[in-house]
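**Student:** With the hints as your guide, set chain B onto chain A.
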Amino acid sequence: MGLYSSFIGRKFKHIAGKKYEDIIKHYREFLLTEEERQIPEINSILMPLDRYVKNVPTEVYETISAYEANILLVYILDSQIFELVRQTLSPEASEEFKRREEMIGEELLNTVAKKLESYGLKVQRRMFFGNKSDDVIRMAENYDMLAISKNYGSEITKTSPISPLVLKIIQHLEIPVIVY
Amino acid sequence: MTPLEIFALAVFIFTYALIISERIHRTVAAMAGGSLVLLANIVPWEKVPLYLDLDTILLLAGMMIIVNTTRLSGLFEYIAIKTAKLAKGDPIRVLLLFSVVTALISAFLDNVTTVLLLTPMLIYISRLMEVTPLPFLLSEIFASNIGGMATLIGDPPNIMIGSAAGLSFSEFLLNMGPIAFLDLILMVFVVYLAYRGTLKVSPEKKERILRTLNNLDERSAIRDLALFRKSIVTIALVVFFFFVHDKLEIEPAVVALFGASLLLFWSRENPEGILEKVEWATLFFFGGLFLIVGGLVETGFIEQIAQWITSFVHNEGEAVLVIAWFSAFASAIIDNIPFTATMIPLIKAMGGSLNTYPLWWALSLGACLGGNGTAIGASANVVVIGIAAREDIRITFMDFLKIGMLIMVLTVGAGVGILWLRYVWW
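Heads up: the sequence lines are chains A and B, in that order. Residue 7 in our numbering sits at position 7 of the first sequence, with consecutive numbering throughout. Position in the second sequence (from 1) plus 180 gives the number in our numbering.
Chain A extracted, bound-state conformation (with noise of 0.2 Å):
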């Protein structure tokens, strides 16, 4: 640092001190970041379902339908679980579970895709057996933007009002994401 940088360093700091960090803390709450400025430009969408999220918001519809993207709707059941049913209980018991389960799936994903359609929008439906975090990490780098439940992968409660795997995910993405 030069000798005139390091004077006016310590110039500013024996005149303004604190005042100017509260004055920058109040601005921070009001103006907006760089990073905010920045409209993304969204082209595709990966919206997450599983049996946790039992319905989609109206107003998450509208805001999606505002994008104008191809919509991929993916269901994914949990392989772990039917592995855990068929060693617990029997490989008949297995495959009731999963045929119910199949059909939950696919209702919810006619229904979304239904509504989504209704807003004019292009949309994918896939159903699967994997990870449901790992997997919707994995896929979301291929999309610009991910809408998922709060609910997704787990039940909520007043003091998680959010699920864990929720959180694993967004802790995961560099993409903007809408929870709803």
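Treat the hints with care, since some could be wrong.
[Unchecked claim] Distance condition first, Cα-Cα at most 25 Å in a straight line; then the derived BS3-like pairs of lysine-lysine:
| hint | chain 1 | residue 1 | chain 2 | residue 2 |
| --- | --- | --- | --- | --- |
| 1 | B | K262 | A | K25 |
| 2 | A | K54 | A | K98 |
| 3 | B | K262 | A | K19 |
[As the list claims (entries may be wrong)] Label-pair restraints from in silico Cβ distances:
| hint | chain 1 | residue 1 | chain 2 | residue 2 | range |
| --- | --- | --- | --- | --- | --- |
| 4 | B | R273 | A | Y119 | 38 to 48 Å |
| 5 | B | K386 | A | Q171 | 31 to 41 Å |
| 6 | B | L218 | A | D22 | 29 to 39 Å |
| 7 | A | Q171 | B | R307 | 28 to 38 Å |
| 8 | A | K25 | B | P451 | 17 to 27 Å |
Quick caveat, the hints were computed from the structure, so don't treat them as lab data. By construction, the Cβ of each residue, glycine as well, lies at the ideal position given by its N, Cα and C atoms.
**Tutor:** For chain B alone, coordinates are given in the frame of chain A:
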């Protein structure tokens, strides 16, 4: 020279050197110097109240309380956002509007607080426009020093001059207001000419900037609506009383203290919190300086210098020229507060052979506008350059000197011209 004179002068020079070097806090330097003068009994204890100039110290304290209470309401940030919106993303409008707003606020509040509150907004808006923030930041500095010159309460040198010479708020506004107005126009024009190549944005970009600015809600800056309203009413009342204080025969310090008490009483803010934010260091700095300069007065040193000057200066016209230009160049290098503290007794001592009335205005002109000459000339300069450095915007000493010196010479020249026409020619 007597040993006492030599000691008082040595304390004075040593303190000034410490203040200029900024190696230790200026308040510590002034307090140490003041204590030495008292220890050596150069200024007798019974004369301390005489030299301390309570008018200046209490006026500053009162205004600090008003500003610090008002700051809690978010009024200044509200003004900054409103100004940014009014500028509509046009760099020339930003330059003009922020210069006018800075000058206006600086005329009534202290320059450091003004620039501290407006600079973050200026940097934000220049980043939004994707243009260099340099012209905006420089014009803000110049405008705060010019605006501060316009009134009795705008800049500490004016408070000191007003108190020492018994000049009223209206007299300051009548004498320095027109000069400040002309200088502001001159300054904006020069900055525009110097940076006109960078003050351009395309219409598409302007539309995007406008969209972002419109998303800013000035009401979100208001932290306390009730305090916001009470602050506006109090400031308006204080300004009104400043206008009539001479007719009511009350001191400006009384007006400031009344305003401070009223706002504290009305707002029910915690006085301990507000008083903690009063810049006690600045007030003690003033106290120390007054005592150090008092030492020079007591020893008769100031009287001798005044006699020596008056042997060369034969009339008010020459004195106006010498004081204004000397003050301007001196204030560009050293802090204008200790400089003014030294010049006041000097001008008072010249009163035996000259009419000092125009000389006070020349001192105010030089001391306030001299700060524009260099990057270290005034506290507002250091604050803006310091904030810019924190935001990775480099304003070098030479960057500043090139345009600052030009602005200083032009504005002081215009001011001297007006003073000359008013008090010498006619």
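**Student:** Note whether the CB distance of R273 (chain B) and Y119 (chain A) lies within 38 to 48 Å or breaks it.
**Tutor:** With a Cβ separation near 41 Å, R273 (chain B) and Y119 (chain A) satisfy 38 to 48 Å, so the hint holds.
**Student:** Is K262 (chain B) within 25 Å of K25 (chain A), Cα to Cα?
**Tutor:** holds (19 Å)
**Student:** For the pair L218 (chain B) and D22 (chain A), does the Cβ-Cβ distance stay inside 29 to 39 Å?
**Tutor:** With a Cβ separation near 36 Å, L218 (chain B) and D22 (chain A) satisfy 29 to 39 Å, so the hint holds.
**Student:** Look at the Cβ atoms of K386 (chain B) and Q171 (chain A) and judge whether their distance stays inside 31 to 41 Å.
**Tutor:** Taking Cβ atoms as reference, K386 (chain B) and Q171 (chain A) lie about 39 Å apart, which means the hint holds.
**Student:** Please work out if K262 (chain B) and K19 (chain A) have their alpha carbons no farther apart than 25 Å.
**Tutor:** Between K262 (chain B) and K19 (chain A) the Cα gap is close to 22 Å, so the pair holds against 25 Å.
**Student:** Given the proposed pairing of K54 (chain A) with K98 (chain A), does the C-alpha separation stay at or below 25 Å?
**Tutor:** holds (18 Å)
**Student:** Given a hint of 17 to 27 Å, does the C-beta separation of K25 (chain A) and P451 (chain B) actually sit inside it?
**Tutor:** Check passed, 23 Å falls within 17 to 27 Å.
**Student:** Within 28 to 38 Å: is that where the Cβ-Cβ distance between Q171 (chain A) and R307 (chain B) falls?
**Tutor:** For Q171 (chain A) and R307 (chain B) the Cβ distance comes to about 29 Å; the hint holds.
Checked against the numbered hints given earlier, this structure breaks none of them.
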